[in-house]
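Protein chains: 2
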Amino acid sequence: MLKFDKEKKVNSVKGALALRPEIEKVIDKIQEEGFDAIYFMGIGGTWASSMQVEVYMRGKSNIPVFVENAAEYLTTGNKRITDKSVVIFSSVTGTTQEMVDAIKVVKELGARVLAFIDIKGTVLEKDADYCICFPENEQLKFYMVANRLMYNNGDFPDYDEYNMEMEASLAEALVDVEIKADDFAQEFAAAKYEYVKQHPDMPHYFVGAGNQYGSTYSYAMCYWEEQMWIRTKSISAPEFFHGMLEVIEAETPVILFMGEDEQRVTAQRVADFLPRVCRNYVIIDSKDYELKGISEKYRGSISHLVTHAVTNRIDVHMEKELCHPLQIRRYYRQFDY
Amino acid sequence: MLKFDKEKKVNSVKGALALRPEIEKVIDKIQEEGFDAIYFMGIGGTWASSMQVEVYMRGKSNIPVFVENAAEYLTTGNKRITDKSVVIFSSVTGTTQEMVDAIKVVKELGARVLAFIDIKGTVLEKDADYCICFPENEQLKFYMVANRLMYNNGDFPDYDEYNMEMEASLAEALVDVEIKADDFAQEFAAAKYEYVKQHPDMPHYFVGAGNQYGSTYSYAMCYWEEQMWIRTKSISAPEFFHGMLEVIEAETPVILFMGEDEQRVTAQRVADFLPRVCRNYVIIDSKDYELKGISEKYRGSISHLVTHAVTNRIDVHMEKELCHPLQIRRYYRQFDY
Numbered sequence: 031m032l033k034f035d036k037e038k039k040v041n042s043v044k045g046a047l048a049l050r051p052e053i054e055k056v057i058d059k060i061q062e063e064g065f066d067a068i069y070f071m072g073i074g075g076t077w078a079s080s081m082q083v084e085v086y087m088r089g090k091s092n093i094p095v096f097v098e099n100a101a102e103y104l105t106t107g108n109k110r111i112t113d114k115s116v117v118i119f120s121s122v123t124g125t126t127q128e129m130v131d132a133i134k135v136v137k138e139l140g141a142r143v144l145a146f147i148d149i150k151g152t153v154l155e156k157d158a159d160y161c162i163c164f165p166e167n168e169q170l171k172f173y174m175v176a177n178r179l180m181y182n183n184g185d186f187p188d189y190d191e192y193n194m195e196m197e198a199s200l201a202e203a204l205v206d207v208e209i210k211a212d213d214f215a216q217e218f219a220a221a222k223y224e225y226v227k228q229h230p231d232m233p234h235y236f237v238g239a240g241n242q243y244g245s246t247y248s249y250a251m252c253y254w255e256e257q258m259w260i261r262t263k264s265i266s267a268p269e270f271f272h273g274m275l276e277v278i279e280a281e282t283p284v285i286l287f288m289g290e291d292e293q294r295v296t297a298q299r300v301a302d303f304l305p306r307v308c309r310n311y312v313i314i315d316s317k318d319y320e321l322k323g324i325s326e327k328y329r330g331s332i333s334h335l336v337t338h339a340v341t342n343r344i345d346v347h348m349e350k351e352l353c354h355p356l357q358i359r360r361y362y363r364q365f366d367y
Numbered sequence: 031m032l033k034f035d036k037e038k039k040v041n042s043v044k045g046a047l048a049l050r051p052e053i054e055k056v057i058d059k060i061q062e063e064g065f066d067a068i069y070f071m072g073i074g075g076t077w078a079s080s081m082q083v084e085v086y087m088r089g090k091s092n093i094p095v096f097v098e099n100a101a102e103y104l105t106t107g108n109k110r111i112t113d114k115s116v117v118i119f120s121s122v123t124g125t126t127q128e129m130v131d132a133i134k135v136v137k138e139l140g141a142r143v144l145a146f147i148d149i150k151g152t153v154l155e156k157d158a159d160y161c162i163c164f165p166e167n168e169q170l171k172f173y174m175v176a177n178r179l180m181y182n183n184g185d186f187p188d189y190d191e192y193n194m195e196m197e198a199s200l201a202e203a204l205v206d207v208e209i210k211a212d213d214f215a216q217e218f219a220a221a222k223y224e225y226v227k228q229h230p231d232m233p234h235y236f237v238g239a240g241n242q243y244g245s246t247y248s249y250a251m252c253y254w255e256e257q258m259w260i261r262t263k264s265i266s267a268p269e270f271f272h273g274m275l276e277v278i279e280a281e282t283p284v285i286l287f288m289g290e291d292e293q294r295v296t297a298q299r300v301a302d303f304l305p306r307v308c309r310n311y312v313i314i315d316s317k318d319y320e321l322k323g324i325s326e327k328y329r330g331s332i333s334h335l336v337t338h339a340v341t342n343r344i345d346v347h348m349e350k351e352l353c354h355p356l357q358i359r360r361y362y363r364q365f366d367y
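Residue numbers (our numbering), protein chains in the order written: chain A, 31 to 367; chain B, 31 to 367.
Chain A on its own, in the form it takes in the complex (with noise of 0.2 Å):
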């Protein structure tokens, strides 16, 4: 398989699962200080990841947990943040410029603050209350924070049976969906390919719901735009029906995300829509793999790093059939603006 190192892909899931004493130290502390709310923040890729935390838990916990992003809360502000609220992010180069302003204000303010960040030694890590260094696995992470926030809310009872699969099945599980998400992956690419040679204005369309929509979000933007440089429009499925679904068309591009959440029944009902008015459509469901050892309860929260595995396939196909290295950047961190 092209670009694949499985054992290096299981040590890095094991590695963040590893996390796990880290990680309950913090929020236990966190928990019996207290605190007024939670707010993961973010930009980018991490505004999204926070995203698919917040609404894990949005249906299961009366924790007050809220998504902020960065920026945002530089310019506009957010009064409801104050000195016993809890700050939450992840950053992969511990550098971005507005998390640093944004770390910074809140700081000041008196709100604790836990980091996850890749690497050791950045200027994030110095702002932060507590900083966990592990590369990679950020969504893991903050369901890793989700789960034992819930756990000790009394939100999750099966906390240590559900730890105890993921510790010893998740890592081998995704790295199956990579292998059996191959084939289709290498075919969908050289189709889409072939597709954009075509249509080099078209947009392609990203449909997700639930803790698909963050990656459906950043999927979009963060690879397909920023790395691979062709044209998206990622939107919820639930309001897909309410505008955009007037814009499909029979060879219209459509890339559909189904996960095992309580929204995938919004996915569906664009599952049920799309044939009706398109031929060209793929869906990517996280049901179609089988994730051994991990019970069919579970699997509706980590659904999104199924589809995730799947789209890893993906991105290296890509890169191979459109000629284009994923790092390279026409403008981003390419000059001062």
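These are computed hints drawn from the structure, not numbers from a lab.
Incorrect hints may have been included.
Any copy will do: because identical chains look the same in the list, a pair fits if it lies in one copy or spans two.
Stated by the list, open to error - Subject to a maximum C-alpha distance of 20 Å in a straight line, what follows is the list of computed EDC-like cross-link-like pairs (lysine to aspartate or glutamate): (1) K90 x E138; (2) K327 x E202; (3) K322 x D206; (4) K90 x D113; (5) K90 x D66; (6) K39 x D206; (7) K109 x D185; (8) K327 x E62; (9) K90 x E191; (10) K33 x D131; (11) K109 x D66; (12) K227 x E281; (13) K114 x D66; (14) K327 x D188.
Computed from a predicted model, the values in this text were never measured in an experiment.
Following the hints, put chain B in place on chain A, whose structure we already have.
Quick look at chain B alone, frame taken from chain A:
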């Protein structure tokens, strides 16, 4: 001027502003009774309006005001919405299915409901504790709610002065915007027709921030996509720099909305960036309009109404240029889905 009834427009805004005593009575009662939080609930365009009022209050008041999407509420739920919560919504038809279903759920929960509905006698009216029936002006109604909430909370000491100005000048000021914008709108629409004819696949990129973001999202989706069947992508100005910028080339069509609230600086950053990489952008800026009788300090609170007045004129001319009546739909409410 094409399809322009000045008197009707003035009376519409004046009629909405005259709802103030009725709105104040409801809001005062709600605040006297107390609440754990207020949720502006919507879907599609009404969800976008909810985002506009939330961001308006976020930096000014610590009143717990949040946005809820009706379809997400019906599936994911929200454990923080309780019998002590207040749900506020607006509906043109009073029949949108997701809203009808969601309001049933919050009523069963015991939450109080304030409805703004354009017409009397709908099913949604019956389910509301308070219903204010008056056509159009959704954002204005929501902002009147916000202003009263903030006044009662001590966040808006010059409430009376503000209302005096709005009631004396807003209706005429907005009509003047439409008159001033008409030539621009006509030229813009003619140019867009030519562009769309030559580039039917190309999405038109709409960018906005702050109280412009909700209107940017709904203008792209509910007007261009739903009513004109033209492809769009909307993005908030801060997010523009975290991925989407990479697909902007010299001829990519971008429309930037600029308002005068706290997030203007983020839109200004886009305005400064665009000319360096793009020739085909248009800026619609509330600052370009006089707004006679409105103080500088209040302009930010209505700049989404100003840009909306500009797009009103664009819509009229687009309808003519495209030869596409804006009330026709391909799919929406045409068959069951």
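Status of the hints after comparison with the structure:
Taking identical chains as interchangeable, the C-alpha atoms of K90 and E138 lie at most 20 Å apart only when they sit on different chains, with a minimum of 19 Å there against 32 Å within one chain. Taking identical chains as interchangeable, the C-alpha atoms of K327 and E202 lie at most 20 Å apart only when both belong to the same chain, with a minimum of 19 Å there against 58 Å between chains. Taking identical chains as interchangeable, the C-alpha atoms of K322 and D206 lie at most 20 Å apart only when both belong to the same chain, with a minimum of 9 Å there against 65 Å between chains. For a Cα distance limit of 20 Å, the shortest separation of K90 from D113 across copies, 17 Å, qualifies, whereas the shortest one inside one copy, 26 Å, does not.
In this assembly of identical chains, K90 and D66 lie within 20 Å of each other by CA distance both inside one copy and across copies; the values are 18 Å within and 18 Å between. Taking the closest pair of Cα atoms, K39 and D206 come within 20 Å of each other only inside a single copy of the chain (11 Å); across copies the shortest separation is 61 Å, beyond that limit. In this assembly of identical chains, the alpha carbons of K109 and D185 lie at most 20 Å apart only when taken from different copies (11 Å versus 28 Å within one copy). Taking the closest pair of Cα atoms, K327 and E62 never come within 20 Å of each other, the shortest separation being 29 Å inside a single copy and 43 Å across copies.
For the homomeric pair K90 and E191, the shortest alpha-carbon distance inside one copy (17 Å) is at most 20 Å, but the shortest distance between copies (44 Å) is not. In this assembly of identical chains, the alpha carbons of K33 and D131 never lie at most 20 Å apart, being 36 Å within a copy and 48 Å across copies at closest. Taking identical chains as interchangeable, the C-alpha atoms of K109 and D66 lie at most 20 Å apart whether they share a chain (12 Å) or sit on different chains (16 Å). Proximity of K227 and E281 under a CA criterion of 20 Å is satisfied in both settings, with 15 Å inside one chain copy and 18 Å between copies.
In this assembly of identical chains, the alpha carbons of K114 and D66 lie at most 20 Å apart whether taken from the same copy (6 Å) or from different copies (18 Å). In this assembly of identical chains, K327 and D188 lie within 20 Å of each other by CA distance solely inside one copy; the values are 11 Å within and 54 Å between copies.
When each numbered hint is compared with the structure, violations occur for hints 8 and 10.
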